[in-house]
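Asker: Given the sequences, and given the hints that come with them, work out the whole structure.
Residues per chain, in single letters:
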Amino acid sequence: MPPPRGMRPVAKPKNAKATLGRLLQYMKLYKSKLILVAACIVFSTFVSATGTYLIKQAVVSYLNPLLLERQAAVGLTEEEKALKEATGEEAAEGDSLAGGADVSAASESAGEFNPDFGPFVKFLILLGTMYVAGALSTLVYNRTMMMVSTATLNKVRKDMFTHMEDLPIRYFDQRTHGEIMSRYTNDTDTLREFLSQAFPQAVSSFFSIVFSLFYMVRLSGWLTLLVLALMPVMLITTGKIGKHSGKNFAAQQKAVGVLNGYIEETIEGQRVVQVFCHEEKAKADFAVRNESVRVAGTRANTFASILGPIMNNLSHINYVIIALVGVILALNSPDTKGALAALIAFLPLTHQFSQPISNLAQQFNVVMLALAGSERIFELLDEPVETDDGYVKLVRAKKDEHGNIIETPERTGMWAWKHPHKADGTVTYTELRGDVVFEHVTFGYVPEKTVLHDISLYAKPGQKIAFVGSTGAGKTTITNLINRFYDIQGGKIRYDGINIEKIKKDDLRRSLGMVLQDTHLFTGTVKENIRYGKLDATDEEIVRAARIANADFFIRHLPDGYDTMLTGDGANLSQGQRQLLAIARAAVADPPVLILDEATSSIDTRTEALIEKGMDGLMKGRTVFVIAHRLSTVRNSQAIMVLENGVIIERGDHASLLEQKGKYYQLYTGMFELS
Amino acid sequence: MKLTKLLRYAGEYKKYLLLCPLVMIGEVAMENLIPLMVAKLINEESAEVSQVLKYGGLTVLMALASLAFGMLGAYLASKGGMGLSRNLRRTMFDQVQRFSFKNIDRFSTASLVTRLTTDVNQVQNTVMMLVRMAVRAPITFAMALFFILRLKPDMSVVLLVAIPLLATGIIIIMRAAFPKFQIMMKKYDALNASVQENLIGIRVVKAFVRASHEKEKFAASADELTATQRAAEKVVLWNGPMMQLIMNGCILAILLLGGRKYVWGTMQLGDLNAVITYITRVLFSLMMLSFLFISFVLSRASVARITEVLEEEPEITSPDQPVTQVRDGSIEFDHVGFSYTGDKDNLVLTDICLSIRSGETIGVIGGTGSAKTTLVSLIPRLYDVTSGRLLVGGRDIKEYDIHALRDQVAMVLQKNVLFSGSIKENLRWGNENATDEEIAAACRAAAADDFIRSFPEGYDMDLGQGGVNVSGGQKQRLCIARALLKKPRIMILDDATSAVDTATDARIRDALRTFMPETTKIIIAQRITSVMDADRILVLDEGRVMDFGTHDELMERSEIYREVFTSQQKGVA
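Protein sequence lines correspond, in order, to chains G and A. All residue numbers for the first sequence refer to this note's numbering, where the first residue is 19 and numbers rise by one. All residue numbers for the second sequence refer to this note's numbering, where the first residue is 616 and numbers rise by one.
Simulated from the structure, these hints should not be mistaken for lab results. A couple of the hints might just be wrong.
To list a few chain A residues with every Cβ distance to chain G over 10 Å, as calculated [stated by the list, open to error]:
#: 1; residue: PRO636
#: 2; residue: ALA644
#: 3; residue: ILE719
#: 4; residue: GLU829
#: 5; residue: GLY885
#: 6; residue: HIS950
#: 7; residue: TYR955
#: 8; residue: ARG1004
#: 9; residue: ASN1031
#: 10; residue: SER1037
#: 11; residue: GLU1047
#: 12; residue: GLU1072
Residues on chain G that point at chain A, a partial pick, calculated with CB under 7 Å [what the hints assert, rightly or not]:
#: 13; residue: ASN172
#: 14; residue: LEU342
#: 15; residue: ILE362
C-beta: ideal position from N, C-alpha, C; glycine also.
Answerer: Okay, structure coming up:
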């Protein structure tokens, strides 16, 4: 009795066959275990079908002869006599319900007949042994299948995550988190259900049908034909109802989607709702959506849950028909007792035959859901990962006595680009300095829409380059290109004279420090979060970095200082504090190039001024790209680029830009025109 | 926390939920009579075919009755269950609408959403199952037992052994498995949380080249999940084989006992068959009871989370005889102290005394954590003051009807939210009856009219959920326009133009002055230029008023102000 599966998306897999094939491919890893599972299932269903069949054997081969023996030896009981006379309903009812216990006691004690139940008991013991073996094999297959399904899910999860981490930023930018998340939750859940329930049940159902059919034929060919003839009624009914309930579930799903969307949006914006006294309107809007979920849900659930009673009672009616025909056949048969015993064994077999068929019909939905889920999982796994054709690596370096740069395992604090040249097989080393050059760079997130046009700029090591411009001018895009979150469509970006496409992405990114617009902290302590910048950083290095970012003071005031746990994206810190931590995280990484994207937007100017003091020290000898709305934060840059619609319209240092009296001047003086 | 406690929220659907078990009794009764009929069918070995037909016919009738009851039961359960969840959701949603900011802070929005969706679903599914199954198990148990006793009372000996055996087995398994499943659920949540975190922070992961580190972390928690899952499932695995074994054992025992009787002619095959069927049912009903119990217990967490929402007392409510008119936009802070926790020793705002005249423009400036937002949140009574008094229009704000007060105090929050729907629909939040001209005028004042007109659909453009179709600066301007439409007596802008460029920012402030000269305007800003033209500027530091005066006065006497000013114009001055 699985819990009712409500609120599930009813989605059809696009290519069921191919997905199933891949799924089986996944399970191939556990081939030997699966063979064991199948063998155990076969044995266990065999036992249960055979058990039912053998009961008939027990009656026919052991009990009936004894019965005849007894009847010959001590004669008929009162009851039997009564039956023989066929007095009709009254007597028969009295007999079977009130029971002939007294009579039996009397005749048992009076008889000289002493039947030998030995063989019968032996037979039962044999049957019992078989049952135990059957239960054991059920245990074995349950357990093995559980191991296989958990291992498969574990592998699927890890594969998904590992693959996901290697996907390009573009993938994440184009999808909502919820969309990707549901691969790990809903889709994996349907897969789990498939592996742990639907799959073994399908196998067991199939063999149940085969074995039941086998014994049914052995017991009575005619009755088997009858059972088969009655089957289509069940199948057609199941199919019809299934189709209806599928349609209704889709409708319910849609209504639930609308309602949940509304709940999410309204509660996210609850503060605004209250500030605008919009509560009554919200309640009314909610009630409408809520009611349509109820209407759709009632339909869907009714359809889904009438399937059970229908199947049950259809099978009862089938049962009666078979029993009727069976009894008539038995009455007309020369060996009535034998035929009746066969009927008794046959009847449960019809259940054992029809139940797996209706089971399979009901499992069909689960299988479809699982396939649709797996398809989405495979879709993620099939996404092309970030390609990396770079071959220039970042290595620790030092200068030898001749002043040449050589590679060294020592921590010299000096880094170099190791550049192998394929043509002549030589390797050259270029010191990592932080020289960045854009040459006629053109870029668009989609080919049809260019965001940056012909951008050229250079940043000498140690220079601070600032980007200024309104929202959507392309400032953030530029930083996305330096670290190759996105690849440019035209032009070249050179880093220390090397085309960045030749540099291994990891090494390129390692050489760049970033503090991003949206600060993201991870679950863990403050210390761990700062250490994210450099995994082998010592505690001293962490504290030093925090001091540079001016975060040390507030960290020390947290309940557990550097060991304070941060949860839910650092929700227990203020926005400003989180940014300070993000800056500390970049500081501990100690990269030659820093990218600060509005890194200080939520820090008030006073605090920012304090950070800047630290940052000045940090920035010394580093190339810095800074993006900010506030012009005050970019003033001391060596070069300021004013961007508009993806084009650099002005460049120069603060003074020269003011002299130009262009856009920058307007922006800057606009700031003061009111005073 | 009990599931039954929630049933009172079913309201008009309660009758369906109550009727359903009654109908189910009919279904179960029929279902359990059928084996008896079948037994007679087979027992009538020496009777005529007409007798067989009679019992066969009865069986079919019973099956049809059972079908009718079953379908009716399914309908009643669905109707009642969905009705309950509808009413429960509505009650919760309405309750959330009564929540104050403090209530929301306590729950967090994400958890409120989960409670309204996932938890209500869980309860609904459990209830739908319960009303259909709750009577099924005990009635099947009782009826099956009754028939065994009537048919062959001595056969019930088998049950005397089997029932305690099965019950003990079930209890042992459940006891062992339950805590293990709880651990598993926690690991599962943790795993999902780490995926979520990686999705949000993917740029950080990539920028710091930490993918392999994250992969290791994930692999470790995935392995942990698998290990705990296996530990839990290994226990539950025993359920199936145990049931199988006990059931088959019963069959063997009955064959053994019944076989003798059969030979002695005191038991017929049909009865033997019926006894086996009924004993199987007794055992199944026990199994069903254990399932019911499990789902009942599993729903407990959801029930508790739902009840928490329902029982949460809204912090802020209107007084019994509220004042509904706000005279003017004057504001008076009278020794106001405030703490989010209500703890008077740990105040966020300390002893604030301010007197603001109606129509004044007030700038607020201060460092991170100086409680600027907190200060202004008190004015529309989003939070209640911890000590002191706050007066608007000459009256303590606690005397006002809460909606009357908030209608007169417009606030553009730091965290701006737009809703799905067209721009116009969003703007009408400010004033439902606003004409198109009024809307356009407000948008011009908020410097939003130009960009709105540049959209192909203009004011009818759909904003998408959370206003994803506009940029940050545009969003802020729409939010300002929305607040302007309220024509409030007090207008609060909490860093509401941070993403707007400086020139536009200045234009908006200019427009505000001409658009609503009577309105008191309070502007919180990081940029000193946004506040320096205000009538008076409030300098906050660590929850205390450091100074309050005009730009010139402050330049002269406030060191903090001077510091901020110079830090922002170094290079020009």
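Asker: Does each hint fit the structure? Answer for all of them.
Answerer: These are the hints, each one checked on the structure:
At roughly 14 Å from the closest C-beta of chain G, the C-beta of PRO636(A) stays outside 10 Å, upholding its exclusion from the interface. Here ALA644(A) stays apart from chain G, with its beta-carbon at least about 13 Å from theirs, past the 10 Å limit. Listed as outside the interface, ILE719(A) is inconsistent with that label: its C-beta sits roughly 6 Å from the nearest C-beta of chain G, within the 10 Å cut-off. Against the 10 Å criterion, GLU829(A) falls within the reach of chain G, whose nearest CB is about 6 Å from its own CB.
Not every Cβ of chain G is farther than 10 Å from the Cβ of GLY885(A); the closest lies at roughly 7 Å, contradicting the non-interface assignment. The non-interface label for HIS950(A) is consistent with chain G: the shortest C-beta to C-beta separation is roughly 26 Å, beyond 10 Å. Listed as a non-interface residue, TYR955(A) keeps its Cβ farther than 10 Å from every Cβ of chain G; the least gap is roughly 12 Å. Every CB of chain G lies more than 10 Å from the CB of ARG1004(A), the least distance being 22 Å, so the non-interface label holds.
The beta carbon of ASN1031(A) sits about 8 Å from the closest Cβ of chain G, which is not more than 10 Å, so the claim that it is off the interface is violated. Remark: the non-interface label on SER1037(A) is consistent with the geometry, its nearest Cβ contact in chain G lying 15 Å away (cut-off 10 Å). Listed as outside the interface, GLU1047(A) is inconsistent with that label: its C-beta sits roughly 8 Å from the nearest C-beta of chain G, within the 10 Å cut-off. For GLU1072(A), the shortest C-beta to C-beta distance to chain G comes to about 19 Å, beyond the 10 Å cut-off, and the non-interface label holds.
The beta carbon of ASN172(G) comes within 4 Å of a beta carbon in chain A, closer than 7 Å, and the hint placing it at the interface holds. A least Cβ separation of about 5 Å between LEU342(G) and chain A falls short of the 7 Å threshold, and the interface hint therefore holds. Hint status for ILE362(G) relative to chain A: holds, with the closest Cβ pair at about 5 Å, below 7 Å.
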